[in-house]
Amino acid sequence: MSSERPERFVTNLDWNLLRTFVVITEEGGITAAANRLLLSQPTVSLALKRLETQMGTRLIERGGGTFRLTAAGRDLQRECLEIFHSIARLSEVTTSAAREITGNIHISLASHVSTPLLDRVLAEFHAEFPAVTYKLSIQSSDAVARSVLDKSVSLGICLVNKRLPQLHYDLFYREFFGYFCGPPHKLFGRKDLRIEDLRGHAAVSFDTDDVADALRPVAELRRQYELEQRIVGQSPHLEEVRRMILCGLGIGPLPIHVVERDVSDGDLWRLPPYENPPAIDIFLVTNPKRRHNRAEARFIDALKAEIARRPMAERTYADESASA
1 MSSERPERFV TNLDWNLLRT FVVITEEGGI TAAANRLLLS QPTVSLALKR
51 LETQMGTRLI ERGGGTFRLT AAGRDLQREC LEIFHSIARL SEVTTSAARE
101 ITGNIHISLA SHVSTPLLDR VLAEFHAEFP AVTYKLSIQS SDAVARSVLD
151 KSVSLGICLV NKRLPQLHYD LFYREFFGYF CGPPHKLFGR KDLRIEDLRG
201 HAAVSFDTDD VADALRPVAE LRRQYELEQR IVGQSPHLEE VRRMILCGLG
251 IGPLPIHVVE RDVSDGDLWR LPPYENPPAI DIFLVTNPKR RHNRAEARFI
301 DALKAEIARR PMAERTYADE SASA
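Start counting the sequence shown at 1; every next residue gets the next number (full-length UniProt numbering).
Since the hints were derived computationally from the structure, they do not count as laboratory data. Be a bit skeptical, because a hint or two may be false.
[Said to hold, decoys possible] Here are the simulated lysine-lysine pairs, DSSO-like style, with alpha carbons at most 27 Å apart:
| id | residue 1 | residue 2 |
| --- | --- | --- |
| 1 | Lys289 | Lys151 |
| 2 | Lys289 | Lys135 |
| 3 | Lys135 | Lys162 |
| 4 | Lys135 | Lys304 |
| 5 | Lys304 | Lys289 |
| 6 | Lys162 | Lys304 |
| 7 | Lys162 | Lys151 |
| 8 | Lys151 | Lys304 |
| 9 | Lys135 | Lys151 |
| 10 | Lys289 | Lys162 |
Please put together the full structure from these sequences, using the hints given.
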């Protein structure tokens, strides 16, 4: 960091360089950042060099196929996100006396989050505050937690493997995972199956299907019955796991309540276990240290009120077991 006195450093700092730096980190490269900023690649590269000079340290390791933030770069990125979030709130601060609530709510979700609780709150909140805008991003559960931690999103809804002490977790709802196959698979349509019949069949799954990750109960079931499945495809997104199952790449786990229509339409076939399938908890994740705008704060309060209002039985999507 520059050794200048703080007031002189602030005066001399070109704030546009910070914005360029954030875009570079978001896009993961100079060329992509230049395209987004409608600037030439040399201009963006020079801006990064000027910022590193003013900061007195290297912010991004680049060259030879390497492009990653240094420790200083990561610290600066976090501070920049906080700065830009505060700037985004300026228009709201100047109209804080106004009755109408405005602002943007950025929700980061795991791909298979499907619950009427969220849909109900979203619908009611929009009806009450029509000027509020929304951005919904689909990420892996780990990425959701990281986004909440670095304050780049308003809140997250995801599976949780390890809780971060800086974040707050509210149990949102519970779902159950079942195994399924698609029409091309030789187990499709068979009603006389036992879980042992899944042994040795190729499988597809989520990236988090591991005994050390968020889908631990699913992985433990596979290990418990020694299914010895070869994983031929993985994705962090439900739709892509579903696609691979439908195409016959292998059998795979999906939230039972999410794919009920697929089963009733004959596009997916439920496989064992039919009783006591793995249960997965989904959490509302928030960062107490993030300065939320009024829309964000009210929306989070509405979600937590909905959770408190509904007993766990109403927030558990019970196993609709297929007939064995």
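Results for each hint:
no.	hint	in the structure
1	Lys289 <-> Lys151	8 Å, holds
2	Lys289 <-> Lys135	21 Å, holds
3	Lys135 <-> Lys162	26 Å, holds
4	Lys135 <-> Lys304	19 Å, holds
5	Lys304 <-> Lys289	17 Å, holds
6	Lys162 <-> Lys304	21 Å, holds
7	Lys162 <-> Lys151	18 Å, holds
8	Lys151 <-> Lys304	19 Å, holds
9	Lys135 <-> Lys151	14 Å, holds
10	Lys289 <-> Lys162	19 Å, holds
When the structure is compared with the earlier hints, no violation turns up for any of them.
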